[in-house]
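Undergrad: Order-wise, the sequence lines are chains A and B. Counting from 1, one number per residue, gives the positions in the first sequence under our numbering. Counting from 1, one number per residue, gives the positions in the second sequence under our numbering.
It is worth saying that the hints were derived from the structure and are not from the lab. Note that beta-carbon positions come from the ideal geometry of N, C-alpha and C, so glycine has one too. Treat the hints with caution; some may be incorrect.
[Stated by the list, open to error] Rough simulated footprint, nothing fancy, chain A against chain B, three-plus residues with beta-carbon under 8 Å: (1) 83-94; (2) 224-232.
[Stated by the list, open to error] Here are the simulated DSBU-like pairs of lysine-lysine, each with C-alpha atoms no more than 35 Å apart in a straight line: (3) LYS326(B) - LYS41(A); (4) LYS195(B) - LYS190(A); (5) LYS179(B) - LYS87(A).
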Amino acid sequence: MSESMKYFREQRLPHIWCPGCGHGTVTGALVRAITRLNLDKNKVVVVSGIGCSSRAPGYLDFDTLHTTHGRALAFATGVKLSRPELKVIVMTGDGDCTAIGGNHFIHAARRNIDITTIVMNNNIYGMTSGQFSPMTPKGMIGTTAPYGNTERSFDLANLAIAAGATYVGRGTAYHAKLLEDLIFQALQNKGFSVVEAVTQCPTYLGRRNKFGTVVDMLNWFKDSAVNVKAAAVMTPDKLAGKFLVGELYNKPDQEFTAAYDQLVAQVQRKFDSFKGGTRECAQNSD
Amino acid sequence: MTNVKLMQGNEACTLGAITAGMDFYAGYPITPSTEVAEICATELPKIGGKFIQMEDEIGSIAAIIGASLTGRKAMTATSGPGFSLMQENIGYAALTEVPIVIINVQRVGPSTGMPTSPAQSDVMQARWGTHGDHPIVVLAPGNVKECFDLTVKAFNIAEEYRVPVIVLTDEVVGHMREKVVLPEPGSVTIVDRQKPQSRANYLPFAADQDGGVPLMASFGDGFRYHVTGLFHDETGFPTNRGDIANASIRRLMRKVEKAEPLIRDYFTESTDDCELLVVAFGSSAMSSLSAVRQARAKGIKAGLFRPKTIWPFPETVLDELAGRVKRIIVPEMNMGQLVLEIQRIVGGRAPVESLTKVNGELFRPEEVLEAIVGGRK
Ligand SMILES: Cc1ncc(C[n+]2csc(CCOP(=O)(O)OP(=O)(O)O)c2C)c(N)n1
Ligand code: SF4
């Protein structure tokens, strides 16, 4: 960890999260993965939306952008397209990413833009104190689902794969080393990468759903998670009620900003480059 | 050698933007603004710039804010429904002081309204569309050449004062074709944001409390700073302190208030001795100008005041005129929006009449003339 500390803004600590919140564990896993890759602090931009999870970038010593609810990927798209040489990481919550930000999420995946997205999925809206999210399992209690959630939830990994993400993994706050390894891999994929980090909100999900202590919540992850490799030889009834962790998808494909830069080079070979001032406009617009 | 071209307003806005140094465009197609996106898609790759068609207008404005933070001059263009979607992030740009330019080619609303017909009904939304007290600058071109000039100016203002700037045109100005004499390359004044010289002790939001503008570092240049839409102190990190929020809001508003005499832009005709003043902007001012000339031919002492900066409104200019005219007429293609600001400034010194039109058609000069003549005792 000591080597990782250079990537933290130590003067910003302690953080705002509740005791036992899993967001710190996920942030730690990200920073350890960055440490292993020895990324240049000056060339990383971390972008987030709004939520407890989205406060994480404030503690990290990079250029950091805390945006509006759900829009982190759209801001990040502007940063990455503008300066493709920068490493762009998005930290987002399950509500931020899959409810209000769902459209940006599928389109960032479709473009395969080189952004590593860490979805801190605590299955609830933490910051606004416990309303259900699109990732809240059916039957669970939220302040706006006082009799139990009647909505179906997303399978975020499958959503990301179907939309075009080229690297997808899932870890949990219990499987912290696995999480770090997945993020380590995701950061090296030249394309849109998603790591779903299942994490605990003891304050709002845990308490209301009578999960007991933080340790009980972590044990819940331990007992429900099945590594994708082990799952391959398990029968469907053995897998009922479980979720997969590990590397779920890894198929590199052409990256968006690189494709755009290629196009620019092609176009520039065809046309004289612009020398400033006004120029002939080829457009015939009616 | 003069560079004379026949072009439409949307094209002139785009050329103005490129001349000002715009090299990043993000947008979502919408009539009657789409030509701006189409021209950017064609032209920006030629100059090594970037174009992206985003999934919606919320994403479009988010992307240009992200790009501007990396040091680019970035723009989007839209119309009514898309402009509504952009409001939240306009506030974000205002509070985080990220320079951006938005072209809003107005059409008839509310809702999907009449997509191909002109209106001027986003005057108040352009000023107050996002929540909270915030600074904004809105420029209203009245012809094709001004689309070029005012888009250059929009970038210069955005860069100098770190505020979002809206170029408020309409379907007629955007699609109208006129001969335009383009300025010689190099003869156009271009302003770039002030950047910090040294990374040591960079305080990204430190500025003179009296409307000062902080120095803006680019992401990726090693400054490693934090940007948030929460109220923040000069370090950029969030704070809940009311005294800091208070000082920030006042500084942000003061930036534009202080800039007003410097960015003020307007056109007048026959106002030296006028007894009747028409105040109109954008395409309504074209018919108003013709009406004022016809009135003069009839011996009526009419004049025209056409603000090009509509927010902040050139208050001192109107204030002076208001003291010496007998009547003021304000034709607008809306139910009466800018007239409220004019009534406030005139303060009862002369009767201010609102002339409204919301059928998706321009004022005919005769309609304005009728109002001028009709009210004459
Ligand atoms: C446009 C908008 N709508 C609603 C909110 C209120 N809000 C703030 S955070 C949040 C939910 C965050 O949940 P999630 O993304 O799951 O993050 P968590 O707090 O659980 O980490 C909501 C609804 C907002 N800030 N902006
Ligand atoms: S409310 Fe939940 S998500 Fe937010 S800090 Fe507390 S434990 Fe974490």
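Undergrad: Does each hint fit the structure? Answer for all of them.
TA: How the hints compare with the structure:
Restraint check on the region 83-94 of chain B versus chain A: 3 residues with Cβ-Cβ distances below 8 Å, three needed, restraint holds. Coverage of a stretch by a chain is defined here by at least three residues with a beta carbon nearer than 8 Å to that chain's beta carbons; for the region 224-232 of chain B and chain A the count is 7, and the condition holds. For the proposed pair LYS326(B) and LYS41(A), the alpha carbon gap of about 66 Å is over 35 Å, so the pair is violated. Restraint check for LYS195(B) and LYS190(A): satisfied, since their Cα atoms lie roughly 31 Å apart, inside the 35 Å limit.
Under the criterion of a C-alpha separation no larger than 35 Å, the hint pairing LYS179(B) with LYS87(A) is inconsistent with the structure, at around 46 Å.
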